[in-house]
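> Chain residues, written in single-letter form:
2 protein chains.
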Amino acid sequence: MSVQCGIDAHVQAVTALKAEEAAMRYDHAALSNMSSDEASANTIFTRLRDAEVQSKWTKEGDLINFAGMDFYGAIKNGLGQPSDVWTAVRRMPKGALLHCHFDGTVDTKFLLEHAKRTENMCMKADMPLSTQEALWRATVEFLVLPQTAERSKVSIWSEDYVPGEWVSFKDARISFPYPHPYQMERAASELHMPNFINPSELNGRASRDGTHTEDRLDRGQAFDAYIHALMTLTPHDSIPAITNSKQAWARFQSTFVVIAGLIGYEPTLKAYTKELLRSHAQDGISYTETRINFLNEFMVRADGTPNLAHVEWVRIFIEAVEEVKAEISEGGYIDAKIIYTTVRFIDNEKLRWYLEDCIMLKKMFPEWIVGFDLVGHEDPLLPLKVYIPELLRFQQRCKEEGLSIPFVFHAGETLEDGGDADLNLYDAILLDTKRIGHGVSLARHPLLTDLVKERDICIEVCPISNQVLGYTASICSHPSLLALLHRNVPVALSSDDPSIFENFGLSYDFYQLIISSQSTTLVSLAALARRSIKYSLVDDKTKEIMFADWDRRWKAYIAWFLEEYGRWSKQ
Amino acid sequence: MSVQCGIDAHVQAVTALKAEEAAMRYDHAALSNMSSDEASANTIFTRLRDAEVQSKWTKEGDLINFAGMDFYGAIKNGLGQPSDVWTAVRRMPKGALLHCHFDGTVDTKFLLEHAKRTENMCMKADMPLSTQEALWRATVEFLVLPQTAERSKVSIWSEDYVPGEWVSFKDARISFPYPHPYQMERAASELHMPNFINPSELNGRASRDGTHTEDRLDRGQAFDAYIHALMTLTPHDSIPAITNSKQAWARFQSTFVVIAGLIGYEPTLKAYTKELLRSHAQDGISYTETRINFLNEFMVRADGTPNLAHVEWVRIFIEAVEEVKAEISEGGYIDAKIIYTTVRFIDNEKLRWYLEDCIMLKKMFPEWIVGFDLVGHEDPLLPLKVYIPELLRFQQRCKEEGLSIPFVFHAGETLEDGGDADLNLYDAILLDTKRIGHGVSLARHPLLTDLVKERDICIEVCPISNQVLGYTASICSHPSLLALLHRNVPVALSSDDPSIFENFGLSYDFYQLIISSQSTTLVSLAALARRSIKYSLVDDKTKEIMFADWDRRWKAYIAWFLEEYGRWSKQ
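Protein chains in written order, with the UniProt record's numbering: chain A, 1 to 571; chain B, 1 to 571.
FYI, nobody ran anything at the bench for these hints, they're computed from the structure. Careful, some of the hints might be misleading.
Stated by the list, open to error - Dumping the calculated DSSO-like pairs for lysine-lysine here, alpha-carbon to alpha-carbon at most 27 Å:
{"no.": "1", "chain 1": "A", "residue 1": "K453", "chain 2": "B", "residue 2": "K18"}
{"no.": "2", "chain 1": "B", "residue 1": "K385", "chain 2": "A", "residue 2": "K18"}
{"no.": "3", "chain 1": "A", "residue 1": "K246", "chain 2": "B", "residue 2": "K76"}
{"no.": "4", "chain 1": "B", "residue 1": "K385", "chain 2": "A", "residue 2": "K59"}
{"no.": "5", "chain 1": "B", "residue 1": "K325", "chain 2": "B", "residue 2": "K555"}
{"no.": "6", "chain 1": "B", "residue 1": "K18", "chain 2": "A", "residue 2": "K434"}
{"no.": "7", "chain 1": "A", "residue 1": "K385", "chain 2": "B", "residue 2": "K59"}
{"no.": "8", "chain 1": "B", "residue 1": "K246", "chain 2": "A", "residue 2": "K59"}
{"no.": "9", "chain 1": "A", "residue 1": "K18", "chain 2": "B", "residue 2": "K434"}
{"no.": "10", "chain 1": "B", "residue 1": "K453", "chain 2": "A", "residue 2": "K453"}
{"no.": "11", "chain 1": "B", "residue 1": "K453", "chain 2": "A", "residue 2": "K18"}
{"no.": "12", "chain 1": "B", "residue 1": "K363", "chain 2": "B", "residue 2": "K541"}
{"no.": "13", "chain 1": "A", "residue 1": "K541", "chain 2": "A", "residue 2": "K434"}
Turn these sequences into a full structure, and let the hints guide you.
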């Protein structure tokens with residue numbers, strides 16, 4: 001064989017091998033059946049993506065940034081600011097968001113705005129917040145109290161504050177004594193929160209010694225930045241950078257404590273639910289399955305009494321969803337359902353109570369409760385195997401009652417290999433989980449990977465969450481995401497807790513995938529979006545409606561895309 | 001079915017599924033055929049490991065350390081200092097080290113010691129090293145000059161130094177003007193280099209203003225710490241922490257420039273080769289296939305003339321190996337061979353020259369040249385596909401000449417998905433590579449993963465290297481290591497460039513795996529060690545000898561282990 005023949009044969013063999021492997025991928029069917037418009041858009045999008053990688057992420061001499069880098073680094077480098085790829089990703093119809101925790105989904109600025117308008121919102125801390133150091137060491141909580149309940153008159157910012165005493169939120173806010181600490185400015189300016197606080201405005205209007213004509217306003221803004229920092233993992237100068245998963249979880253868990261009292265109030269709860277749907281609609285998400293944590297028995301009623309029970313939470317949720325559906329039905333399909341969750345530290349006896357509570361709610365609201373899950377930090381908390389007795393009993397009970405409440409378990413959200421959190425995967429699969437939350441360690445399990453595919457179990461992969469919580473340095477080295485996608489294991493990209501990470505909606509996670517993976521195209525993202533509908537927990541008829549709606553949106557999107565970026569086809 | 005029956009059935013199903021998956025693993029055969037002594041040792045070792053994880057890596061309240069954490073963090077927490085697991089890992093027979101770069105393998109302290117004793121060793125920099133900042137910005141190089149060659153009399157530490165002029169190494173060393181900079185002390189104390197420099201001694205003997213009775217000695221020690229810092233990636237306060245792969249590679253490449261002039265001198269070359277074998281023997285490594293970079297045509301002869309050619313490098317290598325074999329043959333099998341490498345930035349014409357050079361050396365030293373590879377930073381450098389014409393021609397030439405020089409290509413050492421470095425995997429496999437260096441992105445390729453297994457291609461995975469160079473945050477989230485191991489894809493753990501990372505031998509990489517993975521046992525490590533022999537590039541007869549030698553060592557090791565740790569069997 002001549003050398004040239006040899007070269008040709010090698011090149012052909014490489015091409016054939018690539019094609020054979022590509023045929024195994026999740027996006028193969030979609031790529032094989034593109035309309036000519038889709039094909040044009042796909043080519044143009046790839047061109048835009050490659051250009052944006054070059055111009056924004058891999059600039060000559062830039063040793064800091066790279067495509068798919070850590071989320072907060074990427075934000076600093078302009079992720080989320082207008083760009084061709086960002087605009088195109090943001091606008092695309094994304095189908096269903098299948099993994100998000102209810103109290104961690106909406107921008108925390110929304111909760112702050114509501115707190116400001118809530119007359120009886122109170123605040124407490126477990127130490128006087130009389131030093132800047134205390135600001136970051138204290139556990140800060142909020143709660144709406146009845147009008148008549150006693151509040152401390154001592155400022156929470158004073159040395160004399162008695163730890164644990166409730167003070168007025170409004171008073172605390174306008175007397176925030178750190179109006180211009182450097183940290184606050186940095187926190188605000190780095191947090192890309194233009195609607196919330198404008199740091200240059202803050203600087204411009206404030207004098208050095210803190211006295212100011214509009215003192216109240218500035219103090220309030222600085223307070224807002226402080227509370228915002230307590231509710232997010234967004235880095236700022238006052239707290240050491242997070243370097244591993246343990247540290248990340250310690251701070252992550254502390255944010256929920258702050259959020260709880262702001263969200264757990266009847267009027268806010270309803271407004272929050274509506275905002276969840278509206279913001280998702282804006283991000284191109286038509287349907288959300290949100291995990292509500294029912295661990296606490298009660299939230300606070302509008303009048304301040306703390307006895308708003310689970311059944312009322314669901315009722316409020318439904319009302320909110322129905323109102324938004326009526327409001328924005330013209331824009332296409334919009335809906336949300338509830339996955340009932342409690343936390344993995346309870347015992348079996350307590351679990352039985354929650355499972356019965358879940359059954360009761362399912363009976364009352366059969367269309368709205370679509371699954372059950374146990375949540376929390378998998379590594380230190382109890383493994384699924386501990387709960388087998390009650391979980392099996394629950395399946396039996398559902399059968400008897402003629403109810404369908406599938407499990408959708410978190411499993412394998414861990415760096416451990418062979419530890420309990422990793423082994424949760426076996427139990428989850430054999431308990432007939434319909435989907436798996438995270439599955440970070442799944443791709444290491446050859447048999448389970450095959451089994452998941454065979455049983456058509458969808459993996460809710462949350463790339464930005466996994467990175468922020470220390471399971472991977474960046475989406476590029478994620479232990480499972482691409483390994484599962486390329487094996488055509490069903491995957492639904494998800495945001496997990498965007499309130500806390502600030503990866504709102506699905507655009508950030510979609511962007512990080514498309515910008516970091518050259519093998520991913522616009523049509524690949526579309527295949528993911530369409531697939532997310534397939535693995536939602538609604539009935540087949542509803543799914544058909546959702547598919548039809550998505551197809552219609554997608555067609556409109558392609559038309560928009562070609563109009564907007566068609567000029568790139570000539571290059 | 002009663003609930004209890006259901007529980008039993010579930011538990012049995014989980015057990016069966018785990019067993020079925022375990023049967024697919026690389027260590028299954030070894031675990032199924034343990035002698036009773038091996039079984040005892042394995043149980044005890046797991047107990048020791050679990051205890052060490054608890055006592056050293058996951059201490060209550062410790063939010064910094066975790067099992068398998070980043071290498072330099074782990075060193076800070078005592079990795080490499082005596083402990084039960086470290087001692088046991090260090091002592092075990094590890095078979096073959098299949099992936100290490102010759103000029104990046106031996107402790108750089110060894111090179112420094114030799115430089116001190118080399119009369120005509122010279123030093124230059126591309127700027128005067130007259131400020132501490134310049135120390136870390138400059139490119140520093142070494143070279144042995146002929147006795148008669150001119151040296152600058154101006155101190156390299158002075159503002160008047162002319163960039164690029166050679167000065168005496170000895171003079172530069174004893175006049176190092178930063179004897180007590182904080183950075184130096186930190187560098188020394190954090191670098192776990194007790195044989196090299198003792199920082200407390202440095203502190204004790206030195207006065208604040210730098211004057212001192214034994215001034216020369218202290219200055220020399222501080223100089224050594226400085227040069228050591230230039231040759232390693234070990235973090236120190238004078239250089240910002242590395243946060244990604246681009247930064248890591250920029251510094252990584254700079255270390256080789258410093259090392260080149262110290263190692264590229266005939267007497268040092270020989271001593272270095274002997275030290276390589278001796279230090280590997282001490283670490284339980286019987287056989288090393290080292291990649292020598294033949295990019296430069298010449299090194300420096302003993303008399304200072306710079307015309308020591310490739311054929312002489314190989315001759316010196318062989319002499320050194322033979323001398324060490326004669327010296328330590330009692331301790332068991334010991335040997336080393338050469339993989340000929342050049343760098344991925346040359347053109348095809350130049351590559352032909354190297355390939356012919358490789359053929360020439362193979363003809364002269366048929367037992368010693370065992371493979372060919374192209375090295376360098378895969379992301380920015382040329383992909384294999386560029387070199388297809390010459391690589392195929394080489395295969396043809398070898399066939400004609402009746403030579404066996406298999407390819408052992410680096411491929412997939414990248415975070416990119418679908419980029420050239422990732423796609424190198426296709427070319428490498430279809431070019432019949434016998435092994436693959438790194439394969440970080442391999443596990444994302446379902447077809448290639450199967451093909452590699454089918455073709456019995458071994459993956460040389462370098463966990464610590466991959467972490468230090470920014471491809472994974474820790475061994476725990478490595479994108480391929482466990483995924484490949486658990487699929488029984490052949491893997492040989494390797495150290496890559498321990499001179500620069502300071503993960504000397506194989507003990508560090510073995511320790512990081514065993515401490516971070518609960519599914520890994522002592523017998524798993526043994527299976528890896530034995531397998532490394534299988535994938536070495538020696539003939540079958542030699543392999544038989546190596547296997548027999550390893551089996552004998554392993555038996556002795558198990559006996560030692562049970563004597564040393566047998567008391568743990570009672571717990």
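> State for each hint whether it applies.
Here is what the structure says about each hint:
At roughly 17 Å between alpha-carbon atoms, K453 (chain A) and K18 (chain B) fall within 27 Å of each other, so this suggested pair holds. Proposed proximity of K385 (chain B) and K18 (chain A) is supported: the alpha carbons are some 14 Å apart, at most 27 Å. Proposed proximity of K246 (chain A) and K76 (chain B) is supported: the alpha carbons are some 18 Å apart, at most 27 Å. Restraint check for K385 (chain B) and K59 (chain A): the C-alpha separation of about 25 Å stays at or below 27 Å, so the hint holds.
With a CA separation close to 22 Å, the supplied pair K325 (chain B) and K555 (chain B) stays within the 27 Å bound. Taken as a hint, the K18 (chain B) and K434 (chain A) pair is honoured in the structure, with Cα atoms around 20 Å apart against an allowance of 27 Å. For the suggested pair K385 (chain A) and K59 (chain B), the alpha carbons sit about 25 Å apart, so the restraint of at most 27 Å is met. Note on K246 (chain B) and K59 (chain A): the hinted pairing holds, with a Cα-Cα distance of about 12 Å set against a maximum of 27 Å.
Only pairs whose Cα atoms come within 27 Å are accepted, and K18 (chain A) paired with K434 (chain B) is accepted, the gap being roughly 20 Å. Between K453 (chain B) and K453 (chain A), the direct Cα distance comes to roughly 21 Å. Compliance with the 27 Å bound is thereby established for this hinted pair. Simply put, K453 (chain B) and K18 (chain A) have alpha-carbon atoms about 17 Å apart, close enough for the 27 Å limit, and the pair holds. At roughly 21 Å between alpha-carbon atoms, K363 (chain B) and K541 (chain B) fall within 27 Å of each other, so this suggested pair holds.
Distance hint between K541 (chain A) and K434 (chain A) is fulfilled; the C-alpha atoms sit about 18 Å from each other, no more than 27 Å.
Consistency note: the structure conflicts with none of the earlier hints.
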